[in-house]
Amino acid sequence: KAGVTQTPRYLIKTRGQQVTLSCSPISGHRSVSWYQQTPGQGLQFLFEYFSETQRNKGNFPGRFSGRQFSNSRSEMNVSTLELGDSALYLCASRRDRGLRETQYFGPGTRLLVL
Amino acid sequence: GESVGLHLPTLSVQEGDNSIINCAYSNSASDYFIWYKQESGKGPQFIIDIRSNMDKRQGQRVTVLLNKTVKHLSLQIAATQPGDSAVYFCAETPQGGSEKLVFGKGMKLTVNP
Chain A
1 KAGVTQTPRY LIKTRGQQVT LSCSPISGHR SVSWYQQTPG QGLQFLFEYF
51 SETQRNKGNF PGRFSGRQFS NSRSEMNVST LELGDSALYL CASRRDRGLR
101 ETQYFGPGTR LLVL
Chain B
115 GESVGLHLPT LSVQEGDNSI INCAYSNSAS DYFIWYKQES GKGPQFIIDI
165 RSNMDKRQGQ RVTVLLNKTV KHLSLQIAAT QPGDSAVYFC AETPQGGSEK
215 LVFGKGMKLT VNP
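Chains A and B supply the protein sequences, listed in that same order.
So for the first sequence, the working numbering puts the first residue at 1; every next one is plus one.
So for the second sequence, the working numbering puts the first residue at 115; every next one is plus one.
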């Protein structure tokens, strides 16, 4: 069974631009969560989607948004990029809701904002 | 507030030694804890988990200990191998309906041959 895939793997943008990242969960997994990873703040929860609905949200500004499609694939968007948005963005999927379901992470998209 | 932290930022051990990675958590209401391993260029990989009604759980070469009295979590790796070199994260899930994982900062384990 294929793992969680994320595209693109690397991205360079400039301040003020917007970016869209994509995540394909493991087949059969319906919950997708997004995390931001930086050296200073570590892994921080962005949001979780299940059945095309955002179920949980972390403490990030409204510039960060996401969505989930009927096939469970998910995208996240960051508008008006800031230098501080440079990070590794990780997507994790699990079969169903409930944290006792193991989350499987993708390799991440490394975003650099210049 | 919610915070999970690690006592040591780096740990260097010799191959074959046992490793112990510690983690402190602040939310006494957390009821589920997970250890993840992250190798360079990869996403975090699930290692082992433990519920708050347990104080010890064993996996293959790994053991997680939970001390709720002092809000402390540890990961023990037996006979550490070079392939164990990675950054290790503990994560907690606060009780009460919140389903987001709160991760610690991470600790780098280096295994010397």
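Since the hints were derived computationally from the structure, they do not count as laboratory data.
The C-beta atom is built at its ideal place from N, Cα and C for all residues, glycine as well.
Careful, some of the hints might be misleading.
Unchecked claim - Pairs of lysine to any residue, SDA-like flavour, derived with a Cα cap of 25 Å:
(1) A:K57 <-> A:G16
(2) A:K57 <-> A:D96
(3) B:K182 <-> A:P8
(4) B:K219 <-> B:P196
(5) A:K57 <-> B:A143
(6) B:K219 <-> A:R73
(7) B:K222 <-> A:D96
(8) A:K57 <-> B:S142
(9) B:K170 <-> A:R110
(10) A:K57 <-> B:N141
(11) B:K222 <-> B:N167
(12) B:K219 <-> A:P39
(13) B:K219 <-> A:G28
(14) B:K170 <-> B:G155
(15) A:K13 <-> B:K156
(16) B:K222 <-> A:F64
(17) A:K57 <-> B:R171
(18) A:K57 <-> B:K156
(19) B:K156 <-> A:G16
(20) B:K156 <-> A:N77
(21) B:K222 <-> A:G16
(22) B:K170 <-> A:T102
(23) B:K156 <-> A:L88
(24) B:K170 <-> A:G16
(25) B:K222 <-> A:R110
(26) B:K156 <-> A:G84
(27) B:K185 <-> A:G84
(28) A:K57 <-> B:K222
(29) B:K185 <-> A:Q44
(30) B:K219 <-> A:G16
(31) B:K219 <-> A:S51
To be verified - Beta-carbon label-pair distances, calculated as ranges:
(32) A:S27 <-> B:S142: 22 to 28 Å
(33) B:K185 <-> A:T38: 36 to 42 Å
(34) B:K182 <-> A:L83: 38 to 44 Å
(35) A:G3 <-> B:R171: 35 to 41 Å
(36) A:G62 <-> B:G155: 47 to 53 Å
(37) B:D169 <-> A:D96: 23 to 29 Å
(38) B:D131 <-> A:T80: 48 to 54 Å
(39) B:S142 <-> A:K57: 19 to 25 Å
(40) B:M168 <-> A:P61: 36 to 42 Å
Hints and how they fare:
no., hint, verdict
1, A:K57 <-> A:G16, "holds, 23 Å"
2, A:K57 <-> A:D96, "holds, 17 Å"
3, B:K182 <-> A:P8, "violated, 41 Å"
4, B:K219 <-> B:P196, "holds, 22 Å"
5, A:K57 <-> B:A143, "holds, 20 Å"
6, B:K219 <-> A:R73, "violated, 28 Å"
7, B:K222 <-> A:D96, "violated, 31 Å"
8, A:K57 <-> B:S142, "holds, 22 Å"
9, B:K170 <-> A:R110, "violated, 36 Å"
10, A:K57 <-> B:N141, "holds, 19 Å"
11, B:K222 <-> B:N167, "violated, 28 Å"
12, B:K219 <-> A:P39, "holds, 8 Å"
13, B:K219 <-> A:G28, "violated, 31 Å"
14, B:K170 <-> B:G155, "violated, 31 Å"
15, A:K13 <-> B:K156, "holds, 22 Å"
16, B:K222 <-> A:F64, "violated, 29 Å"
17, A:K57 <-> B:R171, "violated, 30 Å"
18, A:K57 <-> B:K156, "holds, 24 Å"
19, B:K156 <-> A:G16, "violated, 28 Å"
20, B:K156 <-> A:N77, "holds, 22 Å"
21, B:K222 <-> A:G16, "violated, 34 Å"
22, B:K170 <-> A:T102, "holds, 19 Å"
23, B:K156 <-> A:L88, "holds, 10 Å"
24, B:K170 <-> A:G16, "violated, 49 Å"
25, B:K222 <-> A:R110, "holds, 20 Å"
26, B:K156 <-> A:G84, "holds, 22 Å"
27, B:K185 <-> A:G84, "violated, 32 Å"
28, A:K57 <-> B:K222, "violated, 28 Å"
29, B:K185 <-> A:Q44, "holds, 21 Å"
30, B:K219 <-> A:G16, "violated, 29 Å"
31, B:K219 <-> A:S51, "violated, 30 Å"
32, A:S27 <-> B:S142: 22 to 28 Å, "violated, 38 Å"
33, B:K185 <-> A:T38: 36 to 42 Å, "violated, 25 Å"
34, B:K182 <-> A:L83: 38 to 44 Å, "holds, 41 Å"
35, A:G3 <-> B:R171: 35 to 41 Å, "violated, 25 Å"
36, A:G62 <-> B:G155: 47 to 53 Å, "violated, 31 Å"
37, B:D169 <-> A:D96: 23 to 29 Å, "holds, 28 Å"
38, B:D131 <-> A:T80: 48 to 54 Å, "holds, 49 Å"
39, B:S142 <-> A:K57: 19 to 25 Å, "holds, 24 Å"
40, B:M168 <-> A:P61: 36 to 42 Å, "holds, 38 Å"
Of the numbered hints stated above, those contradicted by the structure are hints 3, 6, 7, 9, 11, 13, 14, 16, 17, 19, 21, 24, 27, 28, 30, 31, 32, 33, 35 and 36, listed in ascending order.
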